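Trainee: Given next are the chains, with one letter for each unit.
2 protein chains.
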Amino acid sequence: MIGGGQLARMMIPAAVELGVEIRVLAEAEGMSAALAATAVGDYRDRDTVLAFARDVDVVTFDHEHVPQEVLHALIDAGEAVHPGPGALAVAQDKLVMRERLSELGLPVPDWGRVETAAELDDFIAEHGGSAVVKTARGGYDGKGVRVVRRAAEVAEWFATLAEDGNAGALLVEELVDFRRELAQQVARRPSGEIVAWPVVETVQVDGICSEVIAPAPHSAGRVADLAEDIAVRVAEGLEVTGMLAVELFETVDGRVLVNELAMRPHNSGHWSMDGATTGQFEQHLRAVLDLPLGATGCREPWSVMVNVLGGPAEGEMVDRYPEMLASHPTAKVHNYGKSPRPGRKIGHVTVSGDDLDEVVYQARAAAAVFAD
Amino acid sequence: MIGGGQLARMMIPAAVELGVEIRVLAEAEGMSAALAATAVGDYRDRDTVLAFARDVDVVTFDHEHVPQEVLHALIDAGEAVHPGPGALAVAQDKLVMRERLSELGLPVPDWGRVETAAELDDFIAEHGGSAVVKTARGGYDGKGVRVVRRAAEVAEWFATLAEDGNAGALLVEELVDFRRELAQQVARRPSGEIVAWPVVETVQVDGICSEVIAPAPHSAGRVADLAEDIAVRVAEGLEVTGMLAVELFETVDGRVLVNELAMRPHNSGHWSMDGATTGQFEQHLRAVLDLPLGATGCREPWSVMVNVLGGPAEGEMVDRYPEMLASHPTAKVHNYGKSPRPGRKIGHVTVSGDDLDEVVYQARAAAAVFAD
Numbered sequence: 001m002i003g004g005g006q007l008a009r010m011m012i013p014a015a016v017e018l019g020v021e022i023r024v025l026a027e028a029e030g031m032s033a034a035l036a037a038t039a040v041g042d043y044r045d046r047d048t049v050l051a052f053a054r055d056v057d058v059v060t061f062d063h064e065h066v067p068q069e070v071l072h073a074l075i076d077a078g079e080a081v082h083p084g085p086g087a088l089a090v091a092q093d094k095l096v097m098r099e100r101l102s103e104l105g106l107p108v109p110d111w112g113r114v115e116t117a118a119e120l121d122d123f124i125a126e127h128g129g130s131a132v133v134k135t136a137r138g139g140y141d142g143k144g145v146r147v148v149r150r151a152a153e154v155a156e157w158f159a160t161l162a163e164d165g166n167a168g169a170l171l172v173e174e175l176v177d178f179r180r181e182l183a184q185q186v187a188r189r190p191s192g193e194i195v196a197w198p199v200v201e202t203v204q205v206d207g208i209c210s211e212v213i214a215p216a217p218h219s220a221g222r223v224a225d226l227a228e229d230i231a232v233r234v235a236e237g238l239e240v241t242g243m244l245a246v247e248l249f250e251t252v253d254g255r256v257l258v259n260e261l262a263m264r265p266h267n268s269g270h271w272s273m274d275g276a277t278t279g280q281f282e283q284h285l286r287a288v289l290d291l292p293l294g295a296t297g298c299r300e301p302w303s304v305m306v307n308v309l310g311g312p313a314e315g316e317m318v319d320r321y322p323e324m325l326a327s328h329p330t331a332k333v334h335n336y337g338k339s340p341r342p343g344r345k346i347g348h349v350t351v352s353g354d355d356l357d358e359v360v361y362q363a364r365a366a367a368a369v370f371a372d
Numbered sequence: 001m002i003g004g005g006q007l008a009r010m011m012i013p014a015a016v017e018l019g020v021e022i023r024v025l026a027e028a029e030g031m032s033a034a035l036a037a038t039a040v041g042d043y044r045d046r047d048t049v050l051a052f053a054r055d056v057d058v059v060t061f062d063h064e065h066v067p068q069e070v071l072h073a074l075i076d077a078g079e080a081v082h083p084g085p086g087a088l089a090v091a092q093d094k095l096v097m098r099e100r101l102s103e104l105g106l107p108v109p110d111w112g113r114v115e116t117a118a119e120l121d122d123f124i125a126e127h128g129g130s131a132v133v134k135t136a137r138g139g140y141d142g143k144g145v146r147v148v149r150r151a152a153e154v155a156e157w158f159a160t161l162a163e164d165g166n167a168g169a170l171l172v173e174e175l176v177d178f179r180r181e182l183a184q185q186v187a188r189r190p191s192g193e194i195v196a197w198p199v200v201e202t203v204q205v206d207g208i209c210s211e212v213i214a215p216a217p218h219s220a221g222r223v224a225d226l227a228e229d230i231a232v233r234v235a236e237g238l239e240v241t242g243m244l245a246v247e248l249f250e251t252v253d254g255r256v257l258v259n260e261l262a263m264r265p266h267n268s269g270h271w272s273m274d275g276a277t278t279g280q281f282e283q284h285l286r287a288v289l290d291l292p293l294g295a296t297g298c299r300e301p302w303s304v305m306v307n308v309l310g311g312p313a314e315g316e317m318v319d320r321y322p323e324m325l326a327s328h329p330t331a332k333v334h335n336y337g338k339s340p341r342p343g344r345k346i347g348h349v350t351v352s353g354d355d356l357d358e359v360v361y362q363a364r365a366a367a368a369v370f371a372d
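Each protein sequence line maps, in turn, to chains V and A. Using the UniProt record's numbering, the letters of the first sequence map in sequence onto residues 1 to 372. Using the UniProt record's numbering, the letters of the second sequence map in sequence onto residues 1 to 372.
FYI, nobody ran anything at the bench for these hints, they're computed from the structure.
Pair by pair, the computed Cβ-Cβ distance ranges are:
1. V:41 / A:372: 39 to 45 Å
2. V:229 / A:365: 30 to 36 Å
3. V:220 / A:355: 18 to 24 Å
4. A:147 / V:361: 52 to 58 Å
All values reported here derive from a predicted model rather than from experimental measurement. Glycine included, each C-beta is placed from N, C-alpha and C at the ideal position.
Build the full structure now, drawing on both the sequences and the hints.
Mentor: Here's what the structure looks like:
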């Protein structure tokens, strides 16, 4: 696994149970996945990555940022790489993503490729006076995304494009009037088998995932079917291998539109570690190893995951364990081994049960014990 | 954790999720828990153990075999040791165990301490012509246990005692007419909190645990209450810290008697990793760290665990994954990273669900794929 963050860390338990040896190329010493880090180095460096990959059976990723030339060098060296460069190219560039999804006929917000402020102002004028502008690369957790009413509000992004000299462009999208956000996860093996979890509802605060309810309330039937159908078409159309998360808008007029894609285990699927028969980390391992995939049903009627964002102002998450664990005996705490810092995802809590109100309450209250 | 077997291995995922750093003193290189092994050495060697324990917050165990003098050396060095030497002394010697349980007024089979063949023949004559003889130390998985009709059948055990010169004795017990075997697990913190899982039914084949059904069918009410009460009294009476498993006989005349004790995570509790809100490995960590204990309810109505004993005659467990995982998508496989060998516990499979017949079928069939 390339990348030593919390997604790599949470792969370790799944690997231990399956009896799969996991090795991590971490960006630095002491990262979340340090226990399995057999190498430390720069994932953008071809030789570092090739050396790391030499003795493994399959290469997979904690993030989507490994450059295409490095991915292709791995393929040229005969390594199995999942997901492959072709799929990752779509996750790496939001303009490419919108183009490919549109080609596949999938429902997406109205969008455009804009190279100038004038083009952007035209798009805004045609879409009710506002729009969402995104940088094609490098955005995550709300970064590189801005809601604007005029092109001048992203003037510095255009300036950066001009300096870049690569004839770059920004992605602009209609501001979708959505009822809520959903996420649909599927796993796909190289040999084609694909399985879907129930669609979940995600709650974002300031562009960062705060909470996930699984399954999404009132989703059974049409919404669930639409979401699953979209994610399966994305996975098959882009030949994604491993985990795929499709972030979706459920619009006020009842449509389901694709917002973003992630080709790895994803925050929207953390609930599955505790709440589903097969968790996303185990499933990712099974998928990239081309092993048969596991059942994706819920172990209990409801699961709610709440992120621990930032964490205690003083001390570490573990300092709050006596209070948290005593007050919330059904809460499952996942600690990423990261130092608290405002806005940083340092852990999450999942609660499962029969009564959604109670489950939501317990999960939020448990996570709140870790907040300042 | 002292000891690098599968129990230490299965502690690793729980430690990763809780954000607890786990270090293992393994008996050899390449053991099940090698990923967390920071030292390799002999747990009977005082200096080896003291050096390993120097920088940890708490010492706990994969087995009960660390000698009392080493345990006391740890205590003298100021280490927190859970379970402590006093509790472990009872688990280390079956005669001591029977004496202490009898003192505590707990229901046990009729038993006796026999130093000579004549004493044993007398016990047999008084108990219907047969009895179970056990060596006080060193038995496990059916070793050191023999059903006899005359003392001559354990003549070599008496001979060994005589050579030993320690005035040793054998434990003899009535041959209990039992309907089935049960196991009751509890966890207890140093500060006193104690929680119990549902009582489970265990199936032994040739003295080795083969299968566990959780909860034990038809146990709700009297049997469950008796089992829990016994285990709580054992844990409190012996001041056990961490996990305690009490193996029980449910007799044909409706009594519940204590068979054996284990003061560590135990095979009878492996189902809880998948089937309960809090698994025994996480709970053991919480208990020995004196953190509040987790909820012990079942996530699904039934869970069945089947051991993988021996494993494939050729190859490894993973070679059977394509067949096993494809046929049993709800099965959770736990691979201990050990080479197959006749009779060796190299993994287990757990299936959970609503329909006990289906769950039993799936778990047995899944485990059978790994058999020769």
